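Undergrad: Residue numbering for the sequence shown follows numbering that gives the first Met the number 0, starting at 0 and increasing by one per position.
Because the hints were derived from the structure by calculation, they are not lab data.
Predicted model only: the values in this text are computed from it and were never measured.
A portion of the hints provided could be inaccurate.
[To be verified] Listed next, with one range per pair, are the computed distances between beta-carbon atoms:
no. : residue 1 : residue 2 : range
1   : Lys96     : Ser68     : 29 to 37 Å
2   : Cys95     : Gly56     : 16 to 24 Å
3   : Ser82     : Gly50     : 32 to 40 Å
4   : Gly4      : Lys96     : 21 to 29 Å
5   : Asp58     : Arg85     : 30 to 38 Å
Here a beta-carbon is modelled for each residue, glycine too, at the ideal position from N, C-alpha and C.
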Amino acid sequence: MSGNGKPRTIKLFCPSVSKLIQFVAWEEQKLDLGSIARSFGLEPSTVKLNGHFISRGVDLVSASVTWRSLLSFFSAKGLSTGSNNRDALIVDGKLCKVGTKKE
């Protein structure tokens with residue numbers, strides 16, 4: 000097995016925009032919450048997965064949480080793990096405000 004584990008497709012669903020996406024990540028990859036936020040048009044600093052806030056650095060990537068560890072945690076708690084459309088991870092956060100620049 001390589002140092003990054005294996006890639007897996009994770010289903011993510013954001014109820015506030017009624018959107019389901021497939022997100023491909025390596026098991027040992029750190030969570031990139033900025034990328035997830037952009038996929039749904041959410042403010043990156045507000046993103047939660049299955050109701051859990053994941054700590055992140057200034058680059059919006061988690062310093063210590065990998066996809067494998069997160070999905071193992073969710074599985075142990077009986078929460079969705081993103082394995083299929085009916086078991087998608089729930090993504091919550093504030094919607095980005097478009098067109099609100101001050102002149």
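Undergrad: Could you tell me which of the hints above the structure violates, numbers in ascending order?
TA: 3, 4
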